[in-house]
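Listed below are the residues making up each chain.
4 protein chains.
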Amino acid sequence: MLFSNTRVVRIDWGDCDPAGIIFYPRYFEIFDDSTSALFERALGLTKIEMLKTYNFSGFPLVHTQARFMQPTRFGDDVTVESKINFGHRSFEIDHRLSLKGVTCVECAEKRVWVVRQPNGRLKSHPVPEEVLRKFRVI
Amino acid sequence: MLFSNTRVVRIDWGDCDPAGIIFYPRYFEIFDDSTSALFERALGLTKIEMLKTYNFSGFPLVHTQARFMQPTRFGDDVTVESKINFGHRSFEIDHRLSLKGVTCVECAEKRVWVVRQPNGRLKSHPVPEEVLRKFRVI
Amino acid sequence: MLFSNTRVVRIDWGDCDPAGIIFYPRYFEIFDDSTSALFERALGLTKIEMLKTYNFSGFPLVHTQARFMQPTRFGDDVTVESKINFGHRSFEIDHRLSLKGVTCVECAEKRVWVVRQPNGRLKSHPVPEEVLRKFRVI
Amino acid sequence: MLFSNTRVVRIDWGDCDPAGIIFYPRYFEIFDDSTSALFERALGLTKIEMLKTYNFSGFPLVHTQARFMQPTRFGDDVTVESKINFGHRSFEIDHRLSLKGVTCVECAEKRVWVVRQPNGRLKSHPVPEEVLRKFRVI
Chain A
503 MLFSNTRVVR IDWGDCDPAG IIFYPRYFEI FDDSTSALFE RALGLTKIEM
553 LKTYNFSGFP LVHTQARFMQ PTRFGDDVTV ESKINFGHRS FEIDHRLSLK
603 GVTCVECAEK RVWVVRQPNG RLKSHPVPEE VLRKFRVI
Chain B
503 MLFSNTRVVR IDWGDCDPAG IIFYPRYFEI FDDSTSALFE RALGLTKIEM
553 LKTYNFSGFP LVHTQARFMQ PTRFGDDVTV ESKINFGHRS FEIDHRLSLK
603 GVTCVECAEK RVWVVRQPNG RLKSHPVPEE VLRKFRVI
Chain C
503 MLFSNTRVVR IDWGDCDPAG IIFYPRYFEI FDDSTSALFE RALGLTKIEM
553 LKTYNFSGFP LVHTQARFMQ PTRFGDDVTV ESKINFGHRS FEIDHRLSLK
603 GVTCVECAEK RVWVVRQPNG RLKSHPVPEE VLRKFRVI
Chain D
503 MLFSNTRVVR IDWGDCDPAG IIFYPRYFEI FDDSTSALFE RALGLTKIEM
553 LKTYNFSGFP LVHTQARFMQ PTRFGDDVTV ESKINFGHRS FEIDHRLSLK
603 GVTCVECAEK RVWVVRQPNG RLKSHPVPEE VLRKFRVI
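Chains as they are written, first to last, in our numbering: chain A, 503 to 640; chain B, 503 to 640; chain C, 503 to 640; chain D, 503 to 640.
Incorrect hints may appear among the rest.
It does not matter which identical chain is used: a pair holds within one copy or between any two.
Calculated lysine to aspartate or glutamate pairs in the DMTMM-like style (CA-CA distance at most 25 angstroms, straight line) [as the list claims (entries may be wrong)]: (1) K602 with E551; (2) K636 with E542; (3) K625 with E608; (4) K625 with D578; (5) K636 with D578; (6) K554 with D578; (7) K612 with E594; (8) K612 with D596; (9) K612 with E531; (10) K625 with E551.
If you're looking for bench data, these hints aren't it; they were derived computationally from the structure.
With the hints as constraints, model all of the structure from the sequences given.
Now the structure itself:
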């Protein structure tokens, strides 16, 4: 089971640092949004609707790694292609960020599906079958 | 002389705080991007191209005020309408951010056109006539 | 009733933009933190402890205005002095951000004390008498 | 040659997301600042002074990986311990972020020393001997 989504993101002035290139933590904001966009496309729900529909608390990151090959600059419209691969209580997403066909950043993240317990703590939980089904259909 | 631009912006998960609503400094990032988008539309140049073409260093803010009437949440696609009004070395921009027709935030900012002097300091400078002309034409 | 707090904040590389000066939305992050720091000092509680102790949902901004007089740069250790003035369901905070005694930014914000209603919406609520008392004592 | 620095960082309200825990890209802002702080301590120069003194353009990231073991929340004062290990044109930094002695995040980053060429592009360059010497002395 593998599903992907592609979107275009503008790098803005305020994303860049005094060297004139993107400040790299902004890439992780872009990847986090790209993960949400992937789910939104598969499920037909925004993240706020997802949280209510499936009664969970998000999918926090447990591991990420990224390789930065080419810098990007304000005014660049970059393409982010994101692919998901589900485990039982977790999933992996690969993001490839490119500019005019040239790969600038590659990122691999692992996230867990969590629910809030009665004591307020977050705990991992199997990804609901209904969620998996929607990804399969597409 | 008055010119406006409208764009749609998605409020993302990472823009929001533990109360579940947007963390208000994110609005100012949106407004800064909206100001750049207005110039990009009028001049047909991205900001990085503008800086080279007109040999200036940006248009830093000297004053801003904002009224927050309704909160917005992740998943909201808000509309930002931005109107510009030029002075000699400065300009004013009014931003109206709305959701489904309801105004959520109103912001009025004043910015100055600056160039970098030989000593490295930024100094205000008249907005180039060519820039003003492009706004007039539209 | 007026109470103030002063703290020192480092302007970091990632706070600055390609012009080499601070990207102004970062100032509002600094001011938001300064408001929390003022409450923390008066109440002896961090914000997360405050939310539990007084059973409210935060103090969202309803209005802010700021004047930017001098830019700041990465490596600058700026001083933020914050003064509060309470109303019934709201309060005003004035922030003055300075570098080596020179005022760089002045900001005036108005916030409301809100609680979450059974339907999940946020609603304004009188600032608890106990909170006011702690500010008076100091 | 190995040198370390430790600092304490407050997790703020605006660093956290609707799940009430830190939005993970904020960790990378903290690690970037921690890298600067390490250099500042070794060289006795802020980053802006370093850029002038050694005539370079920064040390952009080429690779990072992070493991997130425990979430942190607003009000947490976390400790970041950063250790550096120099190569020829690059260096590696390990960051360990902990709360009350418990490791929350481990991050390993690789960065390159870059200078701006006459054509405006950034290019890797050997870390100056004087910089290495200052780290050795400490």
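Violations among the numbered hints, reported as their numbers in ascending order: Result: no hint breaks.
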